[in-house]
Amino acid sequence: MIELVAKRAGMAAITLFGVAVVVFVLLRVAPGDPIAMMIGPGATAEDIVRLRASYGLDQSLFNQFWIWLGSLVQGDFGTSISRRVGVGQLLLERLPATIELAIMALLVAIVLGGFIAIIGTLWRRHWSVGAVDGVNGLLLAIPEFVWALALVLVLGVALPVLPLSGRINPSLPTDFKTGFYLLEALLTLRFDLALDLARHMAMPVLALALPLAGIIARVLREALGEAMMQDYVTLARVKGMSELRLILSEAMRNAVGPTLALTGVQFTFLIGGTVIVEKIFSYPGLGNMAIDAVINRDFPLIQGLVLMFGVIFILINLIVDFAVVAFNPRLRHG
Amino acid sequence: MSPLLSIDNLSAVSRRDGKPILRNVSLHVDSGTIHGLVGESGAGKSTISKIILGIVSGGVVVTSGSVMLGANDLVRMPEREKRVLIGSQMALIPQDPLTALNPGRRIGDQLTDSLRMWKGMGHKAAWARGLELLDHVAIRDPQRVMGLFPHHLSGGMRQRVLIAAAFAIEPKLLIADEPTTALDATVQKQVLQLLKRLQAEHGTAVVFVTHDLGVVAQICDAVTLLFQGKVMEQGTAETIFNTPSHAYTRALLAASPRYDDPAAGLNPIDDAVIAACRAEVAQFDGAQHA
Numbered sequence: 001m002i003e004l005v006a007k008r009a010g011m012a013a014i015t016l017f018g019v020a021v022v023v024f025v026l027l028r029v030a031p032g033d034p035i036a037m038m039i040g041p042g043a044t045a046e047d048i049v050r051l052r053a054s055y056g057l058d059q060s061l062f063n064q065f066w067i068w069l070g071s072l073v074q075g076d077f078g079t080s081i082s083r084r085v086g087v088g089q090l091l092l093e094r095l096p097a098t099i100e101l102a103i104m105a106l107l108v109a110i111v112l113g114g115f116i117a118i119i120g121t122l123w124r125r126h127w128s129v130g131a132v133d134g135v136n137g138l139l140l141a142i143p144e145f146v147w148a149l150a151l152v153l154v155l156g157v158a159l160p161v162l163p164l165s166g167r168i169n170p171s172l173p174t175d176f177k178t179g180f181y182l183l184e185a186l187l188t189l190r191f192d193l194a195l196d197l198a199r200h201m202a203m204p205v206l207a208l209a210l211p212l213a214g215i216i217a218r219v220l221r222e223a224l225g226e227a228m229m230q231d232y233v234t235l236a237r238v239k240g241m242s243e244l245r246l247i248l249s250e251a252m253r254n255a256v257g258p259t260l261a262l263t264g265v266q267f268t269f270l271i272g273g274t275v276i277v278e279k280i281f282s283y284p285g286l287g288n289m290a291i292d293a294v295i296n297r298d299f300p301l302i303q304g305l306v307l308m309f310g311v312i313f314i315l316i317n318l319i320v321d322f323a324v325v326a327f328n329p330r331l332r333h334g
Numbered sequence: 001m002s003p004l005l006s007i008d009n010l011s012a013v014s015r016r017d018g019k020p021i022l023r024n025v026s027l028h029v030d031s032g033t034i035h036g037l038v039g040e041s042g043a044g045k046s047t048i049s050k051i052i053l054g055i056v057s058g059g060v061v062v063t064s065g066s067v068m069l070g071a072n073d074l075v076r077m078p079e080r081e082k083r084v085l086i087g088s089q090m091a092l093i094p095q096d097p098l099t100a101l102n103p104g105r106r107i108g109d110q111l112t113d114s115l116r117m118w119k120g121m122g123h124k125a126a127w128a129r130g131l132e133l134l135d136h137v138a139i140r141d142p143q144r145v146m147g148l149f150p151h152h153l154s155g156g157m158r159q160r161v162l163i164a165a166a167f168a169i170e171p172k173l174l175i176a177d178e179p180t181t182a183l184d185a186t187v188q189k190q191v192l193q194l195l196k197r198l199q200a201e202h203g204t205a206v207v208f209v210t211h212d213l214g215v216v217a218q219i220c221d222a223v224t225l226l227f228q229g230k231v232m233e234q235g236t237a238e239t240i241f242n243t244p245s246h247a248y249t250r251a252l253l254a255a256s257p258r259y260d261d262p263a264a265g266l267n268p269i270d271d272a273v274i275a276a277c278r279a280e281v282a283q284f285d286g287a288q289h290a
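Each protein sequence line maps, in turn, to chains R and H.
For the first sequence, full-length UniProt numbering assigns the number 1 to the initial residue and increments by one for each residue that follows.
For the second sequence, full-length UniProt numbering assigns the number 1 to the initial residue and increments by one for each residue that follows.
Just so you know, the hints here were simulated from the structure itself, not pulled from any lab data.
Mixed in with the good hints there might be a few duds.
As the list claims (entries may be wrong) - Derived lysine to aspartate or glutamate pairs resembling EDC-like cross-links, with alpha carbons at most 16 angstroms apart: (1) H:189 <-> H:178; (2) H:50 <-> H:79; (3) R:279 <-> R:292; (4) H:196 <-> H:178; (5) H:50 <-> R:231; (6) H:82 <-> R:321.
Excised from the complex, chain R in its bound form (with noise of 0.2 angstroms):
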């Protein structure tokens, strides 16, 4: 077990080590310079120059690379040139938003493609399973940006029931002690707080949520047709449960392992999507930042991002090979 957590470990440093190199030679190799988008109108050349030296970009690019990685090691991120501020700082200050959005949009897919699945199962023999198909064919179909889009128009603008932007009402008392604000609303059962926070988070999480709600419906649907025709099924079909009660209590828990390998994939997937739904939403995580942080060649910050995300795709595959070896008790004694 220590074994495997050290070899995990080393893998996940190694990976990451490779993300920081690539993300920061390719930023240097790339156009645009950050100094060009700070710099006013009336600079002479000594002050980009100056300039330039403040930031270490006028050293080399291995010097550069080594300063940078010395300062990680320590937990120094650099500081963001657009921002000036602690780019560690900048991300913890952001992350919160982004993981509560990213995990209300997974459960809402859970749900979602589940519920679709059991009835696809349920219907499997019916002419009305085509419906089913139909609106699993749609959600598979359309990306999260234009379920964004067609969203805004609809619940944004046509019936204005939801708010267009941001986390939480300006209005509202923001004196949180953590990140989660929706968490922390509901631990301090200010229900007030996170039905504004609900509403703020139901578009974005509805954008990000759909697709992968239809990738999940599609391999779970498939896996429990694959398990409802399988002996033991007949077997407890003959002992009298009901057809509702041998797709839950019989096939799920054959067919949850498959999904759930496919899913820890495509929720990564959902991660990077979060990049365009919160800037669409305005809403003030990691994703909507990185969109900033490009635009204005921050360099530190777009690193600082790139090595988050990296990190966070890294413990969702831990997690998923640890979840998929908990639904398997054939893999769980071996």
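Knowing the structure of chain R, use the given hints to seat chain H on it.
Just chain H now, kept in the frame of chain R:
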């Protein structure tokens, strides 16, 4: 006394091409007896047992006849009532013990499903009864086995668990679908003896599906011999084995390997007998259409 299970003039066709699968099958099983349903692959013996258990696939359409359990016609009952009737009064011992247990559920939970569903037992009472049931099928250390998953058990052990589960609710009718085919020869005999013992203790009626006449001779009271979905011969085991009247029965008996007389060798069934059987089936089909 009227029989427990009465199948009368049961016919079924394939949904895909309308070809007959069962041709006017009638058979009756009395309480406390074992009825052997014998035939080669595709003879319709599995289809009959699936119709009885309400698990026939969508590819089979029952066109006429009735399957009566007591006063209830299983062919014409509403689905929900049928499910309750089958669940509470019948049980199945499946063919392959390796696939018939849910790999994700503990033995104890699968064993006690029926007790909790139909005997009104709580979890604790059902668990205690489960221990007794396992003990009764000669499984050692039932306490431990109840908490295991199927992949921890051998094929023979799993078949014992399935037999214990089948007898859990003391069913009136038990369908044994080639329950020994997937097992080693040595385990086969033990399982047959176990089945016979429990059947006698509970007075259960059994429909025993098999293609093995040796097994039939060991445990069956009555036999129905099927060929292409048509009954070729029917009667008590004694009559069938001692004074078979149909050429097909005689050919089948002659084709059984003789362990006591290796010199006799293997005698495949004569093509002429098969041709005669086919002709009989064709004649029947012709009479149906006329």
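### Query
What are the numbers of the hints the structure violates, in ascending order?
Violated hint: only 6; rest satisfied.
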